[in-house]
Every structure is written in structure tokens, then in C-alpha cells.
Amino acid sequence: MKIVDKNVIAQTPDTRIVQLEISSPDIAQKALPGQFVVLMVSEKGERIPLTVVEKDTLGGTITLIFQEVGFTTRLLAKLNKDEALYALVGPLGNPTEIANYGKVILVGGGVGIAEIYPVAKALKDKGNHINAILGARTKELLILEKKMQEVSDEVCVTTDDGSYGRKGLVTEVLNELLDKQSYNLVYAVGPIPMMKNVSQVATKHKVKVIVSLNALMVDATGMCGCCRVTVGGQTKFSCVDGPEFEGAQVDWDELIKRNRAYLEQERHICKLPLP
Amino acid sequence: MKKEPLKVKELEVQKRITSFEEVVAGYSEQEALQEASRCLQCKNPACISGCPVGIDIKTFIRKIQEKDYTGAYLTIREKNNFPSICGRVCPAEYQCRKACVLTKKGLPFASLDTINIHFLERFVGDYGMKNNLTVPVEKNPALARFKVAVVGSGPAGLACAGELARGGIKVVIFEGLHNCGGVLRYGIPPFRLPRDILDFEIAYLEKLGVEMVTNVIIGKVKSLDELFKEGFAAVFLGLGAGVPSFLGVKGENLCNIYSANEFLTRVNLMSAFRFPEFHTPVNIGKNILVIGGGNTAIDAARAALRLQLIKGLAANTTIIYRRTEVEMPARRLEIEHARQEGVKFNFLVKPEEFIGDENGMVRKMRALRCELGEPDSSGRRSPVPIVGSDFEIPCDLVIVAIGLQANQVLTKVTPELKTDKYNDVIVNPETMETSIRGVFAGGDIVGGEGTVIEAMGMAKKAAAAIIEYLSKQ
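Protein chains in written order, with the working numbering: chain A, 1 to 275; chain B, 1001 to 1473.
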């Protein structure tokens, strides 16, 4: 659980994206693309899920990438090399089904790019043609572009402000790609509105779309139901039934509302100085 | 001469409801002696048959009468590893106290004038704890070469680990959460089971040489096969029934509808009642409904009411139950405490739908009135919804406490481990051995939701079988 390396990989005056390499030989042995861990920064901390971005089986480490968005992620970003997490458990959730689908589009929005990277890499190794669409708010917050280029056949970058790549949304690029030729699978991770829109665009083009949901979790082993989502009219637990689901089946509006359930407390605790 | 049963001292209501301090104070020595003196010392004590692990109740009460508290402690410990815990959480009115001759036959639970066996057990257990009494450790050197893995650190896992360690076996407990104790930690609130008691029992096991490894989920980071490859000679599975059931009605995924497991885990394990000092939040409503009639429902309701008062809200928490008070599976003492504290009850109500606002927050529950019909398979009169009796109850937070199912994280990835239609692990009832040789199981993962004492009973039986299994190797 010791942090063996820490890097701020992107930052603007108000946001940072941090990469941690954490010693955890057992998880490094077992983690597969699409799986996540749950960690606690301190004894008084929350349990938060984060996707395993990379693993070094020999070195016994895993890599996590996160954006400082709230209290716990800011606290996590305060930890330095050689400090340790209070708790780390995993790998959790079902791994991505890695197969030869043919032509696959992977869409990553913001820090979600970190989550599509291991999937892109595994799909590429299986012989898929990988088309990556990476979206960021602004140039400074674009992460892993080079790594994504290494595992993709084509990469297209969009920024909200046009400071890099194409100005606009990932869904516009997706729509154009799907208009031009046929693809076998779309895989998307990012902010919920992005995943919702990607799902709509892909479904309109009759392409299967897989998303990895970022529901709130507590134990993340199926014991609490905090992460329940409605998929195809049925209640599923993101932690044990997911975290990946078919985007066309997800009740996005419910998920958006459920993820806002603690906004008031989050605002309150974020005003307090970090311990 | 008929003596009145001695009521146990309790924290006064006003002090309880704004804290998570223990409610029942327990007997003093004088009180224990007085209550023990009421025991008739029957020639054929029926109470023992009511105890799931067959504690020699008659003898331990006699030893209290004789002021031989150490003897009383050792008598209980022959069958029960954790008297201080069971004396607090056992539903004695359905077990030993119901079987006591002072309870009239045919009653659904013990009469009030029955001996307060559970309070006496608690007195003895706490006496043992205060005086650091231990049972003799009979380490068999022939077993010292064996290492056994215990999966799960709830009542079953802890009991099994203790038995094995006392027999001289090296035990490693693997716990998925960051803290040991299982349901005793995340489920039962501190006002019913103070954490120092649980911590004491865990520390004692560590002193016996049991190693506790937290944050490890067997079935995810390690398979059963890998445990054997790592040199474990046998495995005990105390996986528990950790998966919450939901009602399956419309609107159940609205915000502020919790499973009791989630609500209690946030409060008990994550200390959300001390937010923001502890960082895990929990929402509290002005108008809380708790659905269900078991101990978990009562625990959730009492915790919710405390949180309302701690947050400066008026106490307004209501238990919604399909049947009536008599059919509630909860402990009678807990029902009484809940009522004293201000928890309201609305019986014969069956939830049909939850209705929310534009933010997805629950705002009301639509329900049907019920009447009692014929007894069902549980022997209790069944709730029959009355057609056309629809009505609405306003609410802004709901806790669903209608039961738990098997935790399938390990069984799903271990097809050789045979399970029944409830996904519970199938065992040989004599040995608690599963379909995999050298793998034993006990607690709620065998036979579904039960009590702490039942889980410990199974664990003890499994430990004896494991010792025999290893002795033959």
C-alpha cells in the first residue's frame, strides 16, 4: 500500500490530475483491464473506487490516475512518495471482455482516458483495429495522449475550448466516424453526460456500446447496494454486476441523480481545511 | 416463593438518543446474585435444549449462586467463545428463555418472569473479560505444523479461528473489509454491542497467535486453490449473508433509499455519525421510514433516530411492517428500547411504490393496508394486502431492512463449491465440510440468516472436524 511514485500529469490553476504508483504485489498479479480497487486514504477516510490503469506484475505495483474533484481525491493527492494508503483492496468488479471484435472505437473523456487505456491496450493485443477519441476540457488537462497513440491505430483529440486538437465534443467525432464506416464496438468512459451521449450516438448507428460506470460505492463487494443502477429495467449493483454495462440499457438520469446524493455534505467538507 | 425478575439497569432515554453509548448497563454482582437465585435448578433443565450451542445454563447459574464466577465463566466457555457478545445480542426470548419452565407453553416468546439468562451470561462474560480469564489452551504439538485459512472475520470466522488456535494450529483470518468483526462491526450498532468488547475478543485471538489480514477478498485476489498452494492445510469459510434484499417495487432506486446494510455500514463501520471528522457521509431525513421487522430494522431505526436528534431534527422515524408486533422477528427488548426512544411503528403496511421529486429524492411511499391471514411456512400469521386500501405516507429517507442473502463473491468463481438454490454453501451437517475436501463452512453462508450464537455453534463444530481432519494427515 506504499506509494512508490507520484506524478502530477496534468494541471490547470483549478484542477490537477495525479498519477500514483502503489505497491501491491497481489493486486498487480490479478488485476485485469476494466477492474478497479477501493482505497482509503486514512483511518477516518471514505472508501473510494478507482480503476487500475496499469500494473507491473514483476515490480508488484499498480498505477492509479485520478482528478482532484472532491475532498477525498484532494486528500489522496496530498500523499507523497513513500507514504502509504490506509487501506487498499481489489481487484474488484468484472474485467472487460477482451475479444477480437474487429473495429473498435474507444472514447475517453477527461480522466476517463486513463480508464480506456488498459482496455485499448488489451484489445489491440487481441488484434482489434483501435480508433481512439480523447476529449479534454483544455489542452493542459489532456492525459496519456502518447500512450494512447502507442496502442491505437488512429487517435483523435477534442478540447472544449479548442486549445488543442479539434474544438468540440467527442460525440461529434464519434458520429462522423460511425457515419463514414461501420464499427463493431464502442467503449466509453468519462463524465456521465458524455457516456450518456456516446451511448445515444452509438445506438443510433446500431453499434453496441459498453460503458464503465462510476457509481458511488461503500464496500464494493455487493454488500450495501449504494452503487445500484437500473440497466435494462433491472436493478444491478455496479460493483459486482459491473462496472461495465451496455450503455444503451443504462438509466442515465437515475445514475446522475444518485451520484448527486451527497452533494451537500461534499460542499460542506470541501470548505474545511484538509487534515 | 415467587420472586420478581430483576430488571436490568439501562442508560436513561434522554442520554441514549443523542449518543451511540451502550443502552443496557448489565447486572452488578448483587443483581446477578439476586436474579440467579430465582433459578429453580430444574432436575431436567429445559433451558439448555433452547440454546443453539447447548450451554450448560443450569450449572453456570448455580455457579453464580455459589459466587464461583470463574467456574460460571468456564462453564459457558465450554460451548460459547464469546459470552460477552452473546449475552448482548442473543435473542434469548426465542431460545433458552423461551424453553425455561417459567415460560408458559405455546407463547411465541419467553414470558417476562422467565429467568434473565442472557443478562446473567453477560455478567459472567464481562466478569471474565475484566479479570482476564481464559480457557486452558491445549496446544497439540502434532498440529503445530498446520496452517489453516479462515475466510471472513464475523462471528463464525472468529469462533473457528479461536478454536483452532487453542488446538495449536496456526490460523490466518482473511477479511475483505479494512476492519475485522464482520456483521458485529458493520451491522450491529455500538449502542447494542460496544466496540471495546469486540476489540477485546479480537485482541485475545491475536494473543493466541491468530493472524488477521484485512483488505483481502478471497475469490478476487486469491482463489481457494491458491490458498492450498500457499501451504494452508484446510480452509474455513465464514462468508456471511452480506447481500441485501430489496422490495423490488417501483421507485426503489430513488436517492435516500438505503439498504439497512448500507445505512448501518456507513454509520457503524465508517463512523458517518461523526462526519465530517470521519469523511463518509450519510443522509438523514426529517421523516424516516424503516421497512422490516427484524433486529436489523430495529437497529437501523434506532440509529436513524439518534442521527436525527444529533443533527438537531425532531425524532421522526417509523418502522413499517407487514404484520403486527407479535410476528416481528426482532428481540423483544430491542422493540421495547426502540419504542422508549421514540421510534414509531406502523403495522400491517405493505410498501407498493416509492415516489420522488425532480431531483430523484424520495418524497412518499404508496402502500397497501394488510390484515393477518393464515400462518405461513414460518409459523407466523401471514400479511394479506387489502385490495383498494392504497394510501400514501410522506417520507424523505427510507431504509429497507427485509433480509439478506448469501455473499457470492467466492462461490461464483469456485464452481466446485456446491451451493443450494439460495446460493448457500452445502455442507455435511456432521462435519461442516463442503463439497471440496479440506474446505469447511459455517455461519450465515450455511443455511442463511441466523443468529450470532448459531454461527459460532457451526464454527465450533467445523473447528473440531478440521482438527480431526488434520490429525489424520
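It should be emphasised that the hints constitute simulated quantities derived from the structure, not laboratory data.
Treat the hints with care, since some could be wrong.
[Said to hold, decoys possible] Straight-line Cα separation of at most 20 Å, EDC-like style, residue types lysine to aspartate or glutamate; simulated pairs:
# : chain 1 : residue 1 : chain 2 : residue 2
1 : B       : Lys1286   : A       : Glu264
2 : B       : Lys1412   : B       : Glu1226
3 : B       : Lys1015   : B       : Glu1374
4 : A       : Lys257    : B       : Asp1126
5 : B       : Lys1412   : A       : Asp241
6 : A       : Lys44     : B       : Asp1196
[Stated by the list, open to error] Listed next, the stretches of chain A that the computed footprint assigns to chain B, with coverage defined by at least 3 CB atoms under 8 Å from CB atoms of chain B:
#  : region
7  : 79 to 93
8  : 158 to 170
9  : 211 to 225
10 : 238 to 248
No residue lacks a Cβ here, since even glycine has one placed at the ideal position from N, Cα and C.
Now the hints, each set against the structure:
no.: 1; hint: Lys1286/B to Glu264/A; verdict: holds, 16 Å
no.: 2; hint: Lys1412/B to Glu1226/B; verdict: holds, 16 Å
no.: 3; hint: Lys1015/B to Glu1374/B; verdict: violated, 42 Å
no.: 4; hint: Lys257/A to Asp1126/B; verdict: violated, 48 Å
no.: 5; hint: Lys1412/B to Asp241/A; verdict: holds, 12 Å
no.: 6; hint: Lys44/A to Asp1196/B; verdict: holds, 18 Å
no.: 7; hint: 79 to 93; verdict: holds (count 7)
no.: 8; hint: 158 to 170; verdict: violated (count 0)
no.: 9; hint: 211 to 225; verdict: holds (count 7)
no.: 10; hint: 238 to 248; verdict: violated (count 1)
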